[in-house]
Amino acid sequence: MLLALAAALAVQTTLAGLSHGGATLVNLVLVAVVYVGLAFGPVMGLFAGSVGGLVQDALAGGIIGIGGFSKTLVGFLVGVLGAQFIVAQPLPRFVMFVGATIVHELCFQALVAMAETRGIRLQYSALLTQAVINGVIGIVAFQLVEVGPGLLQRRRARGASVSRRRY
Amino acid sequence: MLDIRQRTGYLFLSVMLGHLILISAQVQSRAGVPVLESVTFGVFSRVQGATASLVGSARGGWDNYVDLRDVRAENEALQKQLGDLEVAMQQQRALASEAERLRELLKLQKITTLPTLAAEVIAGNPIPGMQTVTIDRGTADGVLPNMAVIAPKGIVGRIVGPVASNAARVQLLIDRDAAIGAQAERSRSGGMVIGDDADRPLRMDLVSNLADVQQGDAIVASGVDGIYPKGFAVGTVESSAAGTRLHRVITVRPAVDFSSIEQVLVVMVPARGATPFEKPAAPGGSGK
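Residue numbers (our numbering), protein chains in the order written: chain A, 1 to 167; chain B, 1001 to 1288.
So here's chain B without its partners, still in its complex pose:
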């Protein structure tokens, strides 16, 4: 039991404290906040900070040392998930790239007045030295031999026979047996671009030494062969020098990157002067 004096003292202190709290609740500090509020917040914020630190330490100890039972399994699951996500991202990236190429192809299809058929390259050349690819269109789609094959950047090649019902082989322009009637776009000097096995895959022959063909000139199809559409890009002159005989020695860098062809357009116009492809006769019927 407290002494009467102690009780009186405590009573006095408590009443005085009550008055101080009442005063501080009304007086504003320089920040415009009641003194009671600012003091209370300041004091309790330190208490809260200390409490949060204690709780954080305890939680850290629990999480980092005691609760590690399932960490290994969780880690393995996360690694697997990460691997799956990376594969999915690669697939998405490939899809995005293909979408961009198809968009370019569609743009070309809309610009050109020639009837075209989109096709996808499904196989490369099986024989080394032969620059051909296989596409997923054939006679069932109306594809015929000697039809030109183009890409947004320029001429790719032509269809070579035989053509299957749902596939066809394309001879690329860089094949050593391929040739295209061409001309320099600037000077209209005509010649013939032929595939080559050398480092510079195309060369332009039959151009007179007197012709004005310079490095950097654009070479386009002249259309004289009746196969490739006139005006479509073949390549760019890489070097042009006067030859020892009548013709210039000209090398051409192809407009199309033949190492990464995936989608092409088949020009659905039969070659002019070419023998029409005869469809096989129906069983029991006569062929035309």
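Just chain A, same shape as in the assembly:
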């Protein structure tokens, strides 16, 4: 879990500098939180959201705790839903990532509006774009995690049998 969060943070801060109308197109930390929530349950999702959100807030330089609150909520809810429903196929997982992104953004903007005593500002197009991209990356990440070790094992086994034939 910590490894996933750390990698997500590193990539988010160095590579995800793309902006569309001032908003980021991808939130890799959120993707990692949703993954942990789906894979390990609500408690782990809660902790992942809390840690990832706080670190991301600290790195962003704004009010520390807003991102943490939002990601904690999302991580917990995703973990609860993941335990209640079968979310093993790509499509349900995609829906989960999209929904989590929307809920996270709504919660985040609401807290910022309260803190700064202003109205909620939402860029719907950027939000939808981010939700879709998060969903795609999330599915790819699941596939890599689930399929990857098996592939590696098969490759090792193939290599071992080739070497036995030679000798």
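Derived by calculation from the structure, the hints in this document are not laboratory data. Certain hints may be false.
Claimed, not checked - Estimated spans, in silico, between C-beta atoms of each pair:
#, chain 1, residue 1, chain 2, residue 2, range
1, B, 1017, A, 3, 45 to 51 Å
2, A, 116, B, 1017, 17 to 23 Å
3, A, 128, B, 1051, 53 to 59 Å
4, B, 1017, A, 143, 55 to 61 Å
5, B, 1042, A, 90, 29 to 35 Å
6, A, 125, B, 1017, 33 to 39 Å
7, B, 1042, A, 143, 51 to 57 Å
8, A, 7, B, 1046, 44 to 50 Å
9, A, 143, B, 1046, 54 to 60 Å
10, B, 1046, A, 128, 56 to 62 Å
11, B, 1046, A, 2, 17 to 23 Å
12, B, 1006, A, 143, 31 to 37 Å
Idealized CB from N, CA, C, for every residue including glycine.
Here the structure of chain A is known, so what remains is to put chain B in place on it, guided by the hints.
Chain B alone, transformed into the frame defined by chain A:
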């Protein structure tokens, strides 16, 4: 033991609460105070108020009903203390008043060029009808009969014999046997002011009907009697009317309030033309 779901729920709530506290510690309210601080203070101030009210009620009950054992004794002690303080205040007030009178006397002593001796009135007139007082100065201080006695407001009277070594009697100006050569300060019309027993204690005689003496004129000592210093205030003309014979009928209100004399000055100048007081001869020696 809590159900796993309950534990998870409590864990979730506690983490969310922690985030909210963290956020509120950074966000400032409209008053410029962190939200966490203002909310915490607001909540705890109500708790403190309720606690203080409870403690106050309990203390009030204890003080007003249970702890009354020594109240009576304390009350009596306080009453006594109050009485003592009131007496002390009266004494202080009297001292302050005396200090003011002495200050006036000292001012007069400094202004006048005549040698004077301060004296205190120690006794009133023992015989009704005789307007005299006793002062605490006598022959030991150089006081002689017929010396004038004055006050800041004006002439009081003269020393009448015999004079003791440390006390002397003063005949007041309002005594029926007292008289002083006087004149109206404005018109310089001369006459004689005499003590009277009537409601208006002084009258001025031997003033011609032709003289210009009016109500309100100041009457001062003329000095012709050789006793009272010239120019010192005697009183004010209260009424002035032409008499049926040669002289006017004039009443004078004295300048000095004879009902409240406490400190006076003795003019240490022997009366002009008066018989000098002979000190008693020393034992075994001849007197002068």
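Hints, one by one, checked against the model:
1. B:1017 to A:3: 45 to 51 Å: This hint is violated: roughly 28 Å between Cβ atoms.
2. A:116 to B:1017: 17 to 23 Å: Between residue 116 of chain A and residue 1017 of chain B, where Cβ atoms are some 22 Å apart, the hint holds.
3. A:128 to B:1051: 53 to 59 Å: At 54 Å between Cβs, range holds.
4. B:1017 to A:143: 55 to 61 Å: Violated - the Cβ-Cβ distance for residue 1017 of chain B and residue 143 of chain A, about 37 Å, lies outside 55 to 61 Å.
5. B:1042 to A:90: 29 to 35 Å: Because 51 Å falls outside the window, the suggested range is violated.
6. A:125 to B:1017: 33 to 39 Å: 35 Å, holds
7. B:1042 to A:143: 51 to 57 Å: 52 Å, holds
8. A:7 to B:1046: 44 to 50 Å: Taking Cβ atoms as reference, residue 7 of chain A and residue 1046 of chain B lie about 49 Å apart, which means the hint holds.
9. A:143 to B:1046: 54 to 60 Å: Given a distance of about 56 Å, which is inside 54 to 60 Å, the answer is holds.
10. B:1046 to A:128: 56 to 62 Å: Violated: the Cβ-Cβ distance is about 46 Å, outside 56 to 62 Å.
11. B:1046 to A:2: 17 to 23 Å: Violated, since residue 1046 of chain B and residue 2 of chain A (Cβ atoms, about 43 Å apart) do not stay within the stated range.
12. B:1006 to A:143: 31 to 37 Å: Because 35 Å falls inside the window, the suggested range holds.
Checked against the numbered hints listed earlier, the structure breaks hints 1, 4, 5, 10 and 11; every other hint is satisfied.
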